[in-house]
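Please arrange chain P on chain X, whose structure you already have, making use of the hints.
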Amino acid sequence: MEHTADVGIRAWGESLGEAFRNCALGMMSLMLDLDKVGREKRVWVEAEAEDLEALLVSWLSEILFYVEAEGFAFAWFEDVEIEGGKAAAWGWGEELDPERHGLKLEVKAPTYHGLRLEEREGGWTAQVIFDV
Amino acid sequence: MSFLDVLRKLDEFTWEIPREAQPGMRVPGIVYADRALLEKADADNALQQVANVACLPGIVKASLAMPDIHWGYGFPIGGVAAMDAEEGVVSPGGVGYDISCGVRLIKTSLSYREAKGRLEEALDLLEAGVPKGLGTKGRLRMERKEMERLMARGARELIARGIGWDEDLEAMEEGGCYPGADPSRVSEKAYARGRDQVGTLGAGNHFLEIQVVDEVYELADRLGLFPDQVVIMVHSGSRGMGHQICTDYIQVMASSLARYGYDLPDRQLVCAPVNSREGEDYLAAMACAANFAMCNREAITHWIREGFERAFRAGARSLGMEVLYDVSHNLAKLEEHEVGGEKRALLVHRKGATRAFPAGRPEVAERYSPTGQPVIIPGDMGSHSYVLVGTEEALKKSFGSTCHGAGRQLSRKAAKRKVRGDELRRRLEGMGIMVRAGHPAGLAEEAPEAYKDVREVVEICEGAGLSRRVARMRPVAVMKG
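Protein chains in written order, with this note's numbering: chain X, 383 to 514; chain P, 85 to 565.
Think of the hints as simulated: they come from the structure by calculation, not from any bench. Please note: incorrect hints may appear among the correct ones.
Claimed, not checked - Straight-line alpha carbon distances no greater than 27 Å define the calculated DSSO-like cross-link-like pairs of lysine-lysine that follow:
#1 K221(P) / K423(X)
#2 K423(X) / K273(P)
#3 K500(P) / K418(X)
#4 K502(P) / K486(X)
#5 K468(X) / K221(P)
#6 K497(P) / K486(X)
Said to hold, decoys possible - Output of the computed footprint for chain X on chain P, the stretches with three or more beta carbons under 8 Å from beta carbons of chain X:
#7 178 to 184
#8 285 to 291
What the hints assert, rightly or not - If you anchor each label on the Cβ, the simulated ranges turn out as follows:
#9 W394(X) / K497(P): 16 to 24 Å
#10 E503(X) / E204(P): 35 to 43 Å
#11 R245(P) / S411(X): 39 to 47 Å
#12 G345(P) / E463(X): 29 to 37 Å
We treat Cβ as the ideally placed atom computed from N, Cα and C, and that holds for glycine.
Next comes chain X alone, as it looks inside the complex (with noise of 0.2 Å):
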């Protein structure tokens, strides 16, 4: 997706928790090349918020706190549950090594400008839009 501010990303998935996991990967493929990322250690990701678009923006705010805090590079999540108000998985990855993972952009947050997210044909899709 362009747009000349910011990137954004288009996900779909089967389930909400499907469609939550998808963007987290587009997130992570905008900041590093997730084929470089060794599945080396799993680390419990959680987000909290009042309904499900905020909550889309809590799950990968947290995600990218972990990236930049803890200097942890995500290259999967296991299935995503979804239940009151509550987003939580466990991510696989290893330490974040600027050398090898390919890093391409600085991701500085996810916005709610454009954000979408809806139930259609068996399915969820999501519009996240970033600060770059």
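Leaving out everything else, chain P in the frame of chain X:
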């Protein structure tokens, strides 16, 4: 929808979006641009965003846009919105994720003719001295308590540690310390994200450039600028600290929105009353990020001075390496302005816009009282940058604001399709510009084609009376994250 049909031309560079253009607008929109820039802004949906901002509670006079307007997330980039400090709101999106992202210019007493032979060495030393790019840590290690002091006291705290000069404070907005900073309003996450990032350039459109003054106008000598002078420009912000503070408070205000009964056209515009707990907490945390950003640019300045000292075998003071000025182009500030003949306390949001105060405002440092406040406008790679000064007219028209840069016209992806990083590097080198960049794709995203012509933007600012040109610089060396 297109806003071009409803625009009213007020004068050559001033266009109004009337209140009737969209339900919910509390004030009109005013865009400073020429026809060509307006068409770009409209195609980009940025005029729609000007109208959306006009719907915010407590907005005064108009939702304004500077000539470098382009589509942002919620607020347009180049947007200025002043809210009544008693009745109005504060919106973290009106400041942006990179709180207090800004630009500073460091002068030297060197002419390009005499410095040329040593600039490559200087650039190598800057690259070694200033951490850049993604996932890199800064050279300053700070304990939590030290970070808190830094965010409460601003650049003074850093200078007390021997990083930077006392006189640099006069060349910073708010004397290097944004008032009202309360580190206890900053989340643990923001501390964790900003840890070890003081004194790091970052990535994206952030850069460091060695430039040469190539055109001077009326007030240049009053600001110590002369033709062929070597100067250094730094563009960076509050890094992960600011990004997380904005993320945190957008979430806080998304939750409190219903309680205040606000109905907004775009969720990214979430806001809270200036005088509410949410509003006050955000402003206290935002001030911390502003101080963090000024410290970041001050630490980078320190290492630039060190690099030049080694390259030119002379002290930074004898090299005349004073800070001309340090501006923030993403910030909200409490200011007093005259509206309809009456003095009012306003919270002025500038999102991709620069404060441009004339001489005589109490906020302008004494050394600039004869000229007005310097404004630093970065161009894009390979093109010119400018020094401007604020004007009386800006104070009347735009709450003392002007543009912040060239403004994008191509998305990053489109820029990469059009330009290859290695080709761009060769092209720049062919123009006599040395380049140091993290990776070629990042370079291509910031290609000159991706931006509007900064000269045009600056000329419209001058034509509209929002600022005056003082000097123009061309880059000779570029360092990007």
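Right, here's what the structure says about each hint:
Of the pairs offered as hints, the one joining K221(P) and K423(X) holds, with about 23 Å between alpha carbons and a cut-off of 27 Å not exceeded. Using a Cα cut-off of 27 Å, the hinted pair K423(X) and K273(P) holds, with the two alpha carbons roughly 22 Å apart. For a cut-off of 27 Å, the pair hint linking K500(P) to K418(X) stands: about 22 Å separates their Cα positions. For the suggested pair K502(P) and K486(X), the alpha carbons sit about 18 Å apart, so the restraint of at most 27 Å is met.
Distance restraint check for K468(X) and K221(P): the Cα-Cα separation of roughly 32 Å exceeds the 27 Å cut-off, and the hinted pair is therefore not satisfied. Restraint check for K497(P) and K486(X): the C-alpha separation of about 12 Å stays at or below 27 Å, so the hint holds. Counting residues of the region 178 to 184 of chain P whose C-beta lies closer than 8 Å to any C-beta of chain X gives 3; at least three are required, and the coverage claim holds. Counting residues of the region 285 to 291 of chain P whose CB lies closer than 8 Å to any CB of chain X gives 3, which reaches the minimum of 3, so the coverage claim holds.
Under the hint 16 to 24 Å, the C-beta atoms of W394(X) and K497(P), about 20 Å apart, fit the expected range. With their beta carbons about 59 Å apart, E503(X) and E204(P) fall outside the hinted range of 35 to 43 Å. For R245(P) and S411(X), the Cβ-Cβ distance of about 40 Å falls inside the hinted range of 39 to 47 Å, so the restraint holds. Remark: the range hint 29 to 37 Å for G345(P) to E463(X) is upheld by a beta-carbon distance near 34 Å.
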